[in-house]
Structure formats: C-alpha cells, structure tokens
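Undergrad: So the protein lines, in turn, are chains B and H. Quick note on the numbering used here: the first sequence kicks off at 1423 and runs consecutively. Quick note on the numbering used here: the second sequence kicks off at 1493 and runs consecutively.
Do not rely on the hints blindly, as some may be mistaken.
Claimed, not checked - Simulated DEER-style distance windows between Cβ atoms:
{"hint": "1", "chain 1": "B", "residue 1": "Gln1668", "chain 2": "H", "residue 2": "Ile1782", "range": "45 to 51 angstroms"}
{"hint": "2", "chain 1": "B", "residue 1": "Gln1476", "chain 2": "H", "residue 2": "Ala1826", "range": "33 to 39 angstroms"}
{"hint": "3", "chain 1": "B", "residue 1": "Gly1631", "chain 2": "H", "residue 2": "Ala1669", "range": "27 to 33 angstroms"}
{"hint": "4", "chain 1": "H", "residue 1": "Leu1729", "chain 2": "B", "residue 2": "Glu1700", "range": "55 to 61 angstroms"}
{"hint": "5", "chain 1": "H", "residue 1": "Gly1530", "chain 2": "B", "residue 2": "Asp1679", "range": "37 to 43 angstroms"}
{"hint": "6", "chain 1": "B", "residue 1": "Gln1668", "chain 2": "H", "residue 2": "Leu1574", "range": "57 to 63 angstroms"}
{"hint": "7", "chain 1": "B", "residue 1": "Glu1700", "chain 2": "H", "residue 2": "Leu1574", "range": "57 to 63 angstroms"}
{"hint": "8", "chain 1": "H", "residue 1": "Gln1975", "chain 2": "B", "residue 2": "Lys1559", "range": "54 to 60 angstroms"}
{"hint": "9", "chain 1": "H", "residue 1": "Thr1771", "chain 2": "B", "residue 2": "Asp1630", "range": "43 to 49 angstroms"}
{"hint": "10", "chain 1": "B", "residue 1": "Glu1636", "chain 2": "H", "residue 2": "Val1822", "range": "53 to 59 angstroms"}
{"hint": "11", "chain 1": "B", "residue 1": "Ile1692", "chain 2": "H", "residue 2": "Thr1719", "range": "40 to 46 angstroms"}
{"hint": "12", "chain 1": "H", "residue 1": "Gly1530", "chain 2": "B", "residue 2": "Val1463", "range": "24 to 30 angstroms"}
{"hint": "13", "chain 1": "B", "residue 1": "Glu1447", "chain 2": "H", "residue 2": "Trp1661", "range": "38 to 44 angstroms"}
What the hints assert, rightly or not - Negatives, chain B to chain H, calculated, CB over 10 angstroms:
{"hint": "14", "residue": "Asp1471"}
{"hint": "15", "residue": "Val1479"}
{"hint": "16", "residue": "Val1486"}
{"hint": "17", "residue": "Tyr1489"}
{"hint": "18", "residue": "Gln1534"}
{"hint": "19", "residue": "Pro1557"}
{"hint": "20", "residue": "Lys1568"}
{"hint": "21", "residue": "Gly1569"}
{"hint": "22", "residue": "Arg1582"}
{"hint": "23", "residue": "Gly1600"}
{"hint": "24", "residue": "Thr1603"}
{"hint": "25", "residue": "Arg1607"}
{"hint": "26", "residue": "Lys1643"}
{"hint": "27", "residue": "Ala1646"}
{"hint": "28", "residue": "Glu1700"}
No lab work stands behind these hints: they were computed from the structure. All C-beta atoms, glycine included, are put in the ideal place defined by N, C-alpha and C.
Here is what each chain is made of, one letter per residue.
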Amino acid sequence: MAFNTIRKLALAGVLCFTAASAVAETFVFTAIPDEDETKLVERFRGVADYLSGQLDVDVRYVPVKSYAAAISAFRNNQVQLAWFGGLSGVQARRLVPGSEAIAQGVEDEAFQTYFIANTHTGIEPSDTLAELREPLKGKTFTFGSKGSTSGRLMPEFYVRDTFDSKPADFFKRVGFSGNHTRTLRLVEAGTYDAGALNFKVWEKEQADGNIDTEAVQVVWKTPAYPDYQWTIRGDVNDRFGDGFKQRVTQALLDLKDPELLESFPRSGFIPASNEDYEPIRKTAEEIGILD
Amino acid sequence: MFTSPTVRVSFIFLAIALAGLLFADIAITASNPWRDLGNFFLGIITPSFFSTEGLLTALLRTVAFAFVGVVLGGVAGFLLALVYRSLPVRIFCAFVRAIHELFWALIFLQFFGFHPLTGVLAIAIPYAGIFAKVYSEILDEADPDPGRALPPGTGIVTTFLYTRIPDCWVKMRTYTAYRLECGLRSSAILGFVGLPTLGFYLESSFSQGMYSDAGAMLILFYVLIATMPLWVRPKLLPVYIIGAPFFLGEGMPIIWGNVQRFFTEDIVPAPLRSGEGVTGLMPWLNDLMINEALPGVWNTIVLTQIALAATGILTLLAFPLISNHFGGPVRRTAGHVFLVIARSTPEYILAYILLQLWGPSMLPAVVALALHNGGIIGHLIGRQTNTIQLRADATTGFNRYSWELVPRVYHSFLAFLFYRWEIIMRETAILGILGIYTLGFYVDSAIQNIRFDRAMVLILITALLNIGVDALGRYIRRKLALQTMPTC
Chain B
1423 MAFNTIRKLA LAGVLCFTAA SAVAETFVFT AIPDEDETKL VERFRGVADY
1473 LSGQLDVDVR YVPVKSYAAA ISAFRNNQVQ LAWFGGLSGV QARRLVPGSE
1523 AIAQGVEDEA FQTYFIANTH TGIEPSDTLA ELREPLKGKT FTFGSKGSTS
1573 GRLMPEFYVR DTFDSKPADF FKRVGFSGNH TRTLRLVEAG TYDAGALNFK
1623 VWEKEQADGN IDTEAVQVVW KTPAYPDYQW TIRGDVNDRF GDGFKQRVTQ
1673 ALLDLKDPEL LESFPRSGFI PASNEDYEPI RKTAEEIGIL D
Chain H
1493 MFTSPTVRVS FIFLAIALAG LLFADIAITA SNPWRDLGNF FLGIITPSFF
1543 STEGLLTALL RTVAFAFVGV VLGGVAGFLL ALVYRSLPVR IFCAFVRAIH
1593 ELFWALIFLQ FFGFHPLTGV LAIAIPYAGI FAKVYSEILD EADPDPGRAL
1643 PPGTGIVTTF LYTRIPDCWV KMRTYTAYRL ECGLRSSAIL GFVGLPTLGF
1693 YLESSFSQGM YSDAGAMLIL FYVLIATMPL WVRPKLLPVY IIGAPFFLGE
1743 GMPIIWGNVQ RFFTEDIVPA PLRSGEGVTG LMPWLNDLMI NEALPGVWNT
1793 IVLTQIALAA TGILTLLAFP LISNHFGGPV RRTAGHVFLV IARSTPEYIL
1843 AYILLQLWGP SMLPAVVALA LHNGGIIGHL IGRQTNTIQL RADATTGFNR
1893 YSWELVPRVY HSFLAFLFYR WEIIMRETAI LGILGIYTLG FYVDSAIQNI
1943 RFDRAMVLIL ITALLNIGVD ALGRYIRRKL ALQTMPTC
C-alpha cells in the first residue's frame, strides 16, 4: 500500500513532465565500458554519426558504467544494438531470444589476453603459464571488469586450469580494476604485481607510446579465442522497417573509415554468428559465471 | 573509572575494533601512494572548470534529483509518520531505509533502466523510511496540552493541523532542510552507477587520472553545499520543487514489461525458475550463504567496527578544531573548512579517491568512513562545547580538553556515535561495490553476472544486518540513557 502510494506519487510527478517530450524512433546503441570513457565516447559518437548517415535514422550512443548495465539496457530494449565482449554478448543473447551476433572485428576471431607484470617482481616472460607457477604464486593480481572476457573470463580460466586453484587462493590479493586501461596503469604503477588485459589495448597503448616499458612487460600470452562482436536485437525490423537488421549489418561490414577503425582498434569488421561464441559460453559455465 | 558504564562500553568497542584489526586486510598496496596523493592535491589546487563537457548540466541534474527525491520522500514519509504506530508500517519503514540508495538504484536500473525514475525512487524510497521515523518522533514529542484545550467535537484533522503541526513545524523544517543536504550527496553518488549526476563525471575523470577535472567537480560540489543557506530560501522553494522535475533529463523510455519480468522471473531463485523445485533450493541457498553471504557479512562487520572506533577517535581529535575554548579565529576557520569538507564529501567518493591512490584494502574505507562521520560528529560536538561556560580560572590546553570538555560532552558524543553505527554499516556494505570484500562486493558481482535472484537475497541479508545493528544501537543508547538528534 505504502509502496504503491510512493510509486504513484513518483510516477505522477515524473511522468507528467517527461511525457511531453516527444519520442521519435531513435536507434540507440551502447558498448561495454572496457576502456577509458573519453576514448569510448569519442569512438562511438563517430560510429553513431556513420550509422546515422548509412541508415537514415537518428542514431544515438549511450555510455554506461558497467558491463551489466550494457547487458541490461540491451535486454530492456532501451538499446537495440551493442558492442559486446565475448562473455557479455553470450549473456545478452541468452536473455534476449532472437538476438544475433552480426559482425565482429577481424581480430576478434582470434583474440588474446596478455598477462603482464611489473618489472620489479622479477617475473620473466614465458611461453607456458605453468612455468610461471612459482613466480606468480602469492603475488597480487588484477583482472579487468568482473564481466570481461579478455580481462576476467579467459585469464581466470587459464589460472584455474593451469594452477588448479581459484585465483583468490593462488594469488595473495585479487582485484577487479574495472577496465583494461586501468589494469595497465595499476600494474605499471606497481599497485598490483601482475594483471591480465585485452591484447589490443596493450598493443594500441604501446604503439601510442603510453607504456613505460621499464616498469611493465608482457609475461604470457593466452591461446586465441573469439571475442568482441556487434549484437542486435531480433525485433528491430518490426520497429525500424523490413530489412533493417540487414542494413545495420551491411553498414558495419562496410565501415572503412581508417580513423574510426583505428579507434577500436580493428582493421575491419567481418560477419559473425551466435555459434562462433560457443567456446566462450562453455568456458563461462565451467568456471561458474553462467548458470 | 571502569565502574562508569559509558567508559566500559567505550573500551569494549575499542577492544572489538582492535580484535577486528587482526582479521582485517589493512595495507597500502600502491607502490607510490604519496606521489599519487600529491598529484591529486595538485589537481585540487589547479582545478579545470571548463574541460568537462556537461559539467554544469551534471550539477543541475544533481540538484534536480535531490529535490525531487527528497520532496517525494518527505511527502510519503509524512503520510507514513501519521500511521507510524502500526507495527507493519514501522517494519516496512525500517526495511526500506536499511537498503542504501545505491542498492535501490541498482535494483531499479534493472527494469526502469536509465530513466529519471530510477534516480528519483532510489532517493525517495529510503528517505521516506527515514522521514517517517523522524517525523513521527517529532510529532510524538509535541505538547498535547493545546489539543486538550480545544472544545469537544473538534475534528481530528483540524486538531492535528492547528495544535500538533505548529508545535512541530520548526523542527520538521530544520530536519527536512538538513535532509536536503544529504539528498545532494546521495544524488551525486548515484552517478557512479550511471545516472547523469556529478558522480558520473567524477568517476570518469578520476579513473583516467584527470585530477584537475575531478578537483573542479569536487570544488563545485563543496560550493553547492556550503552556499545552501543562500540559495535554499523558503520563498524560492516552490520554484525549485515545481522546476526540478524538468531538469532530470530524459533518460530512456520505460518499458513496463521489463518491470513485470523482473518481479516474476529475474528475482525468482534459479532452481525454482528452472523447475528443480524446493529440493534444488537448498543447495543453491547453501552455496550462496557459504561462498558469498557469510564472507560478506563477516567483512562488513569487521570493517564497520574498525570504522566506528576510528570515527570516535577522529571525532575526539577533531572537535577542538572548531571549539571556542581553543585556538584563535584563524585556526578555528581552518578547522571549520576541514570539517565542512570532511562531512560534505560522501564516504563513497572519499573511499573511491583513497582506493585509487592507495590501492585496494580495507584501509581506504576505514579512513573514508572515519573522515566523513568524524567530520559530522566533530562538528556537532564542537558546536556543543561552544555553549559550555567554563569558570574564569579553568585550566587551559590539554587539561581543559581532557578534564573539562571531554567529560561534559562525552554522553552526547557516544549518543551520536551509536546513532551513526547503523549508518556506518550501511555505507560499509555499499563500499563493497568499489572492490572491498564487504556485502556490496557480492551484490555487485551477482548483478554483473546477471543473477538478480542472488543479488536480492544478498541485499535482503544486508538490510537485516542493518536493522539488527540499528536495534542494538538503540538498546545501548537506552541503557546508557543517551539522547540524540538524527543525523544522516
């Protein structure tokens, strides 16, 4: 009763003011916040402008604060398209029947996670993770976001698989930095001894000269796995007209603007399908992130 | 000395905190914390007000969300206060206020998404519970005599409006205004989960090490709070209240099917949803309890107790800063500035900043909680000492502090401290979202993994823990005959 009263009051108060603002059909998309926000806003505003030109509808990008918020917005149909990571894409498509992975980066077919370490730890690069058992044991370690594929799922999988124990038991302290850029900064600064991040973020920061190579280095590279992809809701054609999904797919595959691609950083987009991400789903189930 | 119950209780709590330190994870893990702290202060003194696009809009939204949330919470709380005698109402109010604004926001985000309603309700609902309690306490204290003087047959509503309300008006107004300040803080931190308030930009700037931008935002926030007496004027209030809803931003449309789905599917425990029935429920609950709830509860309690003791110590150190009995005007002004900053900065933001600078452990959380809460209580106690008249030949310096002032204010000091116990615990739980392993960490993890059933059970446990500590705090205050006015 009381809750209802509050809700009604709130609704009356808020709705009567917001209802006035007319809702034109805007195609809204989001992206997982895997890097520094300024970079993301710049990149995806570019994408919004590009898509809006190609599709002849208003296209808007909404930044979110967490991977889960991106998934929820997609599930709640407040965004119709999203740039997901492997895991977040699998989670989102499970929750939204009919949704599809339509395009991935050329590099996403064979994505990698880099394990990095601060040089003061004396951890030397190795070809196998097993050789790093002693050097890494009892060190502090940071993942990226809790919902990240390259920053959490895959590195956690390899830690469990190779060392046969939970990260929290194997390392002295385990953290979740939030995103890949922060993982890099935290390990570089020595706040954590080691960490795991998206190899594309590492390579781009390195190419841009943003890494103090005296302080941090790559110590191990994971085997390849599928990662980022564009996922679209199944009901977009009902809302934006027949063939809309196909047009969005084509627009993404046709994206050739080098500056925009460089900001991802990807060399281009290629077709993708839900089945491509089966390995990710299995891994997530194995380590208990997915029911 | 140990025969005094207040001293005994103080030492018991100090001992619990010291024991807690043995189990707590206290460390500075950053390799160069002082350089980062230096960079941060450099950012504060070289603020950059114009580099963040939309900063003013964010401030406006922060104020708008605070107004709409507090007004709705106030109206609902007042109505609830009228029926506060009913046990179900009291339980309901205790329950909704035991859940932190950020948890409410995280819940509403799942089905309202980034609609203004999410932020408004996240403030209004817990505030309604708090308003109901405080308003009803104020109403209960009203003098019953004017009501008795009315002729028989006077209507209930008339009696209420003409005898109870006038007697309570000033107290209710003062408390509501004070709550608005709390509302501004709540509104600001909602940005950390993605609403368009100050926290949104603060988080972005901070996580990217743009300290000058972050400094500008913090300074604007302090100015906003410090100048409240200037811009929150009775005559302007109707303008703000009517205008505020227009400045909440548009957000994204609500889809009501999502609301239904959340309540009928998402929060139904997984084994029930998948048809395993009650037999599957036990292992599910068991796993949740052992791996998440119990560690979360343990860490929450340990951190709360340490932070409570640290708050007490800091308060006793801080109140002389603004007391008329010590120092000159310059030192007192500096003291006021320090305490205003300490209490105006939400714990969550302080903890966030310190975590960035010192690396993850319980230490940043303890310092943040102690600074914020110590700032609030220190301010109140310091002001209280200013009403104390000492003899002209009273001792000075440390003797004055320890033999004249502290004994005189110790009762109200403890009263405030135990009043804030529950508030500290509520904040401790929420700090888990930042990566400290309290209950909030597990709630956030469950939400990140899109397991709302687990998140809801954990939030429920957090609420029960808060209600328990609230009851214990009230019991201790009653035993020691401590009285206090509410703070937030």
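Undergrad: Evaluate each hint against the coordinates.
TA: Hints, one by one, checked against the model:
1. B:Gln1668 <-> H:Ile1782: 45 to 51 angstroms: holds, 49 angstroms
2. B:Gln1476 <-> H:Ala1826: 33 to 39 angstroms: violated, 60 angstroms
3. B:Gly1631 <-> H:Ala1669: 27 to 33 angstroms: Violated, since B:Gly1631 and H:Ala1669 (Cβ atoms, about 53 angstroms apart) do not stay within the stated range.
4. H:Leu1729 <-> B:Glu1700: 55 to 61 angstroms: holds, 59 angstroms
5. H:Gly1530 <-> B:Asp1679: 37 to 43 angstroms: Holds: the Cβ-Cβ distance is about 41 angstroms, inside 37 to 43 angstroms.
6. B:Gln1668 <-> H:Leu1574: 57 to 63 angstroms: Between B:Gln1668 and H:Leu1574, where Cβ atoms are some 60 angstroms apart, the hint holds.
7. B:Glu1700 <-> H:Leu1574: 57 to 63 angstroms: Check passed, 59 angstroms falls within 57 to 63 angstroms.
8. H:Gln1975 <-> B:Lys1559: 54 to 60 angstroms: The hinted range 54 to 60 angstroms holds for H:Gln1975 and B:Lys1559, with Cβ atoms some 55 angstroms apart.
9. H:Thr1771 <-> B:Asp1630: 43 to 49 angstroms: Given about 56 angstroms between the Cβ atoms, the range is violated.
10. B:Glu1636 <-> H:Val1822: 53 to 59 angstroms: Once the Cβ atoms are compared, 46 angstroms apart, the range 53 to 59 angstroms for H:Val1822 and B:Glu1636 is violated.
11. B:Ile1692 <-> H:Thr1719: 40 to 46 angstroms: violated, 56 angstroms
12. H:Gly1530 <-> B:Val1463: 24 to 30 angstroms: holds, 29 angstroms
13. B:Glu1447 <-> H:Trp1661: 38 to 44 angstroms: violated, 50 angstroms
14. Asp1471: holds, 16 angstroms
15. Val1479: Non-interface label stands for B:Val1479: nearest chain H Cβ at 16 angstroms, farther than 10 angstroms.
16. Val1486: Incorrect as stated: the minimum Cβ-Cβ distance to chain H is 5 angstroms, not above 10 angstroms.
17. Tyr1489: The assertion about B:Tyr1489 is violated, with a minimum of 6 angstroms to chain H.
18. Gln1534: At about 23 angstroms from chain H, B:Gln1534 clears the 10 angstroms cut-off, so the statement holds.
19. Pro1557: holds, 18 angstroms
20. Lys1568: violated, 4 angstroms
21. Gly1569: B:Gly1569 not clear of chain H: closest Cβ-Cβ about 5 angstroms, inside 10 angstroms.
22. Arg1582: Given a closest Cβ separation of 15 angstroms, the condition holds.
23. Gly1600: violated, 6 angstroms
24. Thr1603: Given that some Cβ of chain H is not farther than 10 angstroms from that of B:Thr1603, nearest at about 8 angstroms, it is violated.
25. Arg1607: Not fine: 7 angstroms to the nearest Cβ puts B:Arg1607 too close to chain H.
26. Lys1643: The claim stands: B:Lys1643 keeps its Cβ more than 10 angstroms from every Cβ of chain H (closest is about 25 angstroms).
27. Ala1646: Answer for B:Ala1646: holds, closest chain H Cβ roughly 25 angstroms.
28. Glu1700: holds, 19 angstroms
Of the numbered hints given earlier, the model fails hints 2, 3, 9, 10, 11, 13, 16, 17, 20, 21, 23, 24, 25; all others are met.
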